[in-house]
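Enquirer: Throw the hints in and build the complete structure from the sequences for me.
Chains W and C, in that order, give the protein sequences. Here the first sequence stands for residues 633 to 778, where the numbers follow our numbering. Here the second sequence stands for residues 36 to 818, where the numbers follow our numbering.
Hints in this document: simulated from the structure, not taken from any laboratory.
From the derived model, a few chain W residues whose C-beta atoms are all more than 10 Å from chain C:
hint: 1; residue: Gly637
hint: 2; residue: Ser644
hint: 3; residue: Gln653
hint: 4; residue: Asp663
hint: 5; residue: Ala677
hint: 6; residue: Ile697
hint: 7; residue: Gly722
hint: 8; residue: Arg762
hint: 9; residue: Thr767
hint: 10; residue: His774
hint: 11; residue: Met777
For each label pair, taking beta carbons as the anchor points, the in silico distance ranges come out as:
hint: 12; chain 1: C; residue 1: Gly475; chain 2: W; residue 2: Pro686; range: 46 to 52 Å
hint: 13; chain 1: C; residue 1: Ala92; chain 2: W; residue 2: Asp770; range: 34 to 40 Å
hint: 14; chain 1: W; residue 1: Lys683; chain 2: C; residue 2: Ala92; range: 21 to 27 Å
hint: 15; chain 1: W; residue 1: Asp770; chain 2: C; residue 2: Ser106; range: 46 to 52 Å
hint: 16; chain 1: C; residue 1: Ala92; chain 2: W; residue 2: Asp656; range: 27 to 33 Å
hint: 17; chain 1: C; residue 1: Ser686; chain 2: W; residue 2: Pro686; range: 30 to 36 Å
Positions of the beta carbon are idealized from the N, C-alpha and C atoms, including for glycine.
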Amino acid sequence: MEESGEFVIPASPQEVWDALQKPDILKECIDGCEEMTITDDGVFACVVAIKVGPVKARFTGTVSIVEPNPPHSYFLDVSARGGGAGFGSGRAEVKLQEVAEGTCLTYHVKGTIGGKLAQIGTRLFQSFSRKMTRTFFDRFSHRWMG
Amino acid sequence: MNAETGIGASVLRKEDARFITGKGQYTDDISVFGQTHCVFVRSPHARAKINSINTDAAMAVDGVIRVFTGSELVEDGIGDLPCGWVVTSKDGSPMIAPPHPPIATAVVNYVGEPYAFVVAETLQAARDGAEAVEADFEILEAVVETATASSSAQIHENAPNNQAYDWELGDKEATDAAFANADHVTTLDITNNRLIPNAIEPRAALGSFDAASSTYTLYTTSQNPHVERVVLALFVNVAPEANLRVISPDVGGGFGSKIFVYAEETAVIWASAKVGRPIKWRADRTESFLADAHGRDHVTKAELALSSDGEMLGLRVKTIANMGAYLSTFSSSVPTYLYGTLMAGQYKTPAIYVETQAVFTNTAPVDAYRGAGRPEATYVVERVVETAARELNMDPVELRRKNFIPPDAFPYQTPVALEYDTGNYGASMSMALDLADSDGYAARKATSEANGKLRGRGYSCYIEACGIAPSQLVISLGAGVGLFESAEVRVDVSGSVTVMTGSHSHGQGHETTFAQLVSDRLGIPFESVNVIHGDTGRSDYGLGTYGSRSIAVGGSAIDRALDKIIAKGKKIAAHMFETTDDQVEFAEGQFSYAGSNEPKPFAEIAGAAYIPAVYPLDELEPGLSEKAFYDPQNFTYPAGSYVCEVEIDPSTGVTEIQKFVAVDDFGNVINPMIVEGQVHGGLAQGIGQALLEHGIYDADGNLSTGSYMDYAMPRAADLPDFEVDMTSTPCTHNPLGVKGCGEAGAIGSPAAVMNAITDALGVKDVPMPATPHTVWETIQQGA
Numbered sequence: 633m634e635e636s637g638e639f640v641i642p643a644s645p646q647e648v649w650d651a652l653q654k655p656d657i658l659k660e661c662i663d664g665c666e667e668m669t670i671t672d673d674g675v676f677a678c679v680v681a682i683k684v685g686p687v688k689a690r691f692t693g694t695v696s697i698v699e700p701n702p703p704h705s706y707f708l709d710v711s712a713r714g715g716g717a718g719f720g721s722g723r724a725e726v727k728l729q730e731v732a733e734g735t736c737l738t739y740h741v742k743g744t745i746g747g748k749l750a751q752i753g754t755r756l757f758q759s760f761s762r763k764m765t766r767t768f769f770d771r772f773s774h775r776w777m778g
Numbered sequence: 036m037n038a039e040t041g042i043g044a045s046v047l048r049k050e051d052a053r054f055i056t057g058k059g060q061y062t063d064d065i066s067v068f069g070q071t072h073c074v075f076v077r078s079p080h081a082r083a084k085i086n087s088i089n090t091d092a093a094m095a096v097d098g099v100i101r102v103f104t105g106s107e108l109v110e111d112g113i114g115d116l117p118c119g120w121v122v123t124s125k126d127g128s129p130m131i132a133p134p135h136p137p138i139a140t141a142v143v144n145y146v147g148e149p150y151a152f153v154v155a156e157t158l159q160a161a162r163d164g165a166e167a168v169e170a171d172f173e174i175l176e177a178v179v180e181t182a183t184a185s186s187s188a189q190i191h192e193n194a195p196n197n198q199a200y201d202w203e204l205g206d207k208e209a210t211d212a213a214f215a216n217a218d219h220v221t222t223l224d225i226t227n228n229r230l231i232p233n234a235i236e237p238r239a240a241l242g243s244f245d246a247a248s249s250t251y252t253l254y255t256t257s258q259n260p261h262v263e264r265v266v267l268a269l270f271v272n273v274a275p276e277a278n279l280r281v282i283s284p285d286v287g288g289g290f291g292s293k294i295f296v297y298a299e300e301t302a303v304i305w306a307s308a309k310v311g312r313p314i315k316w317r318a319d320r321t322e323s324f325l326a327d328a329h330g331r332d333h334v335t336k337a338e339l340a341l342s343s344d345g346e347m348l349g350l351r352v353k354t355i356a357n358m359g360a361y362l363s364t365f366s367s368s369v370p371t372y373l374y375g376t377l378m379a380g381q382y383k384t385p386a387i388y389v390e391t392q393a394v395f396t397n398t399a400p401v402d403a404y405r406g407a408g409r410p411e412a413t414y415v416v417e418r419v420v421e422t423a424a425r426e427l428n429m430d431p432v433e434l435r436r437k438n439f440i441p442p443d444a445f446p447y448q449t450p451v452a453l454e455y456d457t458g459n460y461g462a463s464m465s466m467a468l469d470l471a472d473s474d475g476y477a478a479r480k481a482t483s484e485a486n487g488k489l490r491g492r493g494y495s496c497y498i499e500a501c502g503i504a505p506s507q508l509v510i511s512l513g514a515g516v517g518l519f520e521s522a523e524v525r526v527d528v529s530g531s532v533t534v535m536t537g538s539h540s541h542g543q544g545h546e547t548t549f550a551q552l553v554s555d556r557l558g559i560p561f562e563s564v565n566v567i568h569g570d571t572g573r574s575d576y577g578l579g580t581y582g583s584r585s586i587a588v589g590g591s592a593i594d595r596a597l598d599k600i601i602a603k604g605k606k607i608a609a610h611m612f613e614t615t616d617d618q619v620e621f622a623e624g625q626f627s628y629a630g631s632n633e634p635k636p637f638a639e640i641a642g643a644a645y646i647p648a649v650y651p652l653d654e655l656e657p658g659l660s661e662k663a664f665y666d667p668q669n670f671t672y673p674a675g676s677y678v679c680e681v682e683i684d685p686s687t688g689v690t691e692i693q694k695f696v697a698v699d700d701f702g703n704v705i706n707p708m709i710v711e712g713q714v715h716g717g718l719a720q721g722i723g724q725a726l727l728e729h730g731i732y733d734a735d736g737n738l739s740t741g742s743y744m745d746y747a748m749p750r751a752a753d754l755p756d757f758e759v760d761m762t763s764t765p766c767t768h769n770p771l772g773v774k775g776c777g778e779a780g781a782i783g784s785p786a787a788v789m790n791a792i793t794d795a796l797g798v799k800d801v802p803m804p805a806t807p808h809t810v811w812e813t814i815q816q817g818a
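Expert: Here is the structure:
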């Protein structure tokens, strides 16, 4: 499963970079996020409740930042388990570029899903993940808007 | 005979009163005192090593009684699930059957394979417990594609190239010679899409152990409870056979998927003794998709050699058959002895050579599904014959007629092992063309064209081998069981009759058909016959119901037992008439003697048998109850001609079946209404395969079609009004002259539909299922 996109955020790359490292901001912006903490070695641990079609579950996940190049780019390694509902894992490449309106963030995700999510949710998963991403950046951008 | 209830009468089905009023008793309807519930923990990965399983959290869930893993079964001596038919490869080596523990221990090989199970006070607690089982997997590369499996990562240590066997049938040299002399060779590369059986009732099991008598009772959704019992006793080592009773109560459809011995009932019956309480399991629908044996999944190259005037000279077929992750109970026989042997079809093709390579993949096991090998064979033969006709610019009907085995050539020995006993293929074809209004086709096609639609017509002349089969023949070919059938006819004191049959009814209507047979032969009321099946505690033995064998083998066994009943009745009557039994006639329910004008009704003789006042008991035992075991001399060979007309909307790719004619030769027919219903059901499944159904795994081995959102079953609106009729050449070797009708529709119809679609589109092949998307894409490619 692969997915790419870009969003323009009305803030400087450094501001965006800093905000993306803050667990409380991430928690606020991720739809359904119930917990978000950061461990000493810089790994985010989170609990997110999601609903994809008939699959509704609480996913426990970790997100590690790999090859950080502040405030330009990093990779995120994501791994999540939702008990009987399934699991997912993947890597996202995130790039920040200064543009006239602020920062253009581009991302490219490659991942796999398995378990019940893959059996009865595949068809719905892509639209679900697009919506979840859009919600995230809407909320994230909103921090710098009126 | 009674014209309303005897042989040949369309009697309404006895069993339907309980089914349509919700009074059927299915496995899940049965509950016993102290019953617990069970949920299986299934692999989310297509292929992985199990590093560890932690059941602590599951055990801590409120209501959970026990959590079992596969190693506990192994330690207790529970064996692997066996494959009961050893196929031999070309090189003389036996097939490779990888270890198949009921509950995975070290590795998992398909999504849905169970690796633990939870027994709890309630279903909800068992579900919560199953979610709390934690396993550490090391994920390995999954093998999914049939065509490339043999060059992919090796799944089983003992199976290089992921090959179970590489089998052949026929004369290779003679076939090569036929091709060398041919004017024309038609080549076709086709796939037979993977299907997922969808019985209305999911599989279920209720196992209990009675410590007082050391006996086990297993209620389960089996098409062959005696086979289930013998496999669980002899191969899986659950219990001594005598201490194990298997009951298949009402079963809501099987289509083959309930023939096999699965992990779940094995686990449930074994664990019932460990827990000391009965355990119930019932699959939910997604579990059925994941863990029922699937069907079909072949990739085939077929070549047909012909003379310039359309004489079929030779057929060469090379197939790769996907067996899934393990060899299921009868899986090995499906793409071999139930497939390669049918390649002659209805034709006198003199030279045939078939090769089948069976491969393992990380998908659910594949085994028999309605038709089992014969739909795949018919699809190959009838698609390549139709294609050849188009390439030679011949009418496909004429090409077929030219090559049909003529009616006077029977018995006919094919070049692929089978000897057909009887048939008249041209007669079925003529009737089908009449019913299809063949003469009006050109006008219908013109009307379609005027409406901007594409119209096409396709034929399929199938043959099948059913009534499986002579025991000594199948045992010599590797089968681990005989394929006879048993029957017991118990005449009651009052003259009513109880029949115990080894056949099992899971929708076929045996309670009615067999009662018609008995009432007709004994001349007693239809209502006086009670047919009992599906309980190893009540009938001696049975090989069960599959391969359209119930009437041909099970019915013939009943007929043989009735012969014995009548023979003994004559002896009793002879004493009453004061004559000898060879002087006694039995007809229309009356024993008569030329020297007496007072015939004895059957019920009077029954009474005399049990109140033995009139005959010497040192010469003749009291009572009237007889058994028979019937072993057929040959398969039966139902055959038919199907015609399908489709209209395709090129702007949407939607295919509408506008006409479907099925003319079948089932030999003698006991209940035409039931037979017609069987044909309708088979056609629906065959058309489902052609247009809608497809079991798809993604590249990682996830089943993408794990629910009705993604797996399309045929609905009434997808199907036309079928036009069904019959011809008859009675079977020559069984006492009833019957052939069997359960699978014909599913065997014959996919080729007819796809021949019609390819005719409409003017293309050589469209892969099944011909969904609107696939058809539309095909049109775009041609445009």
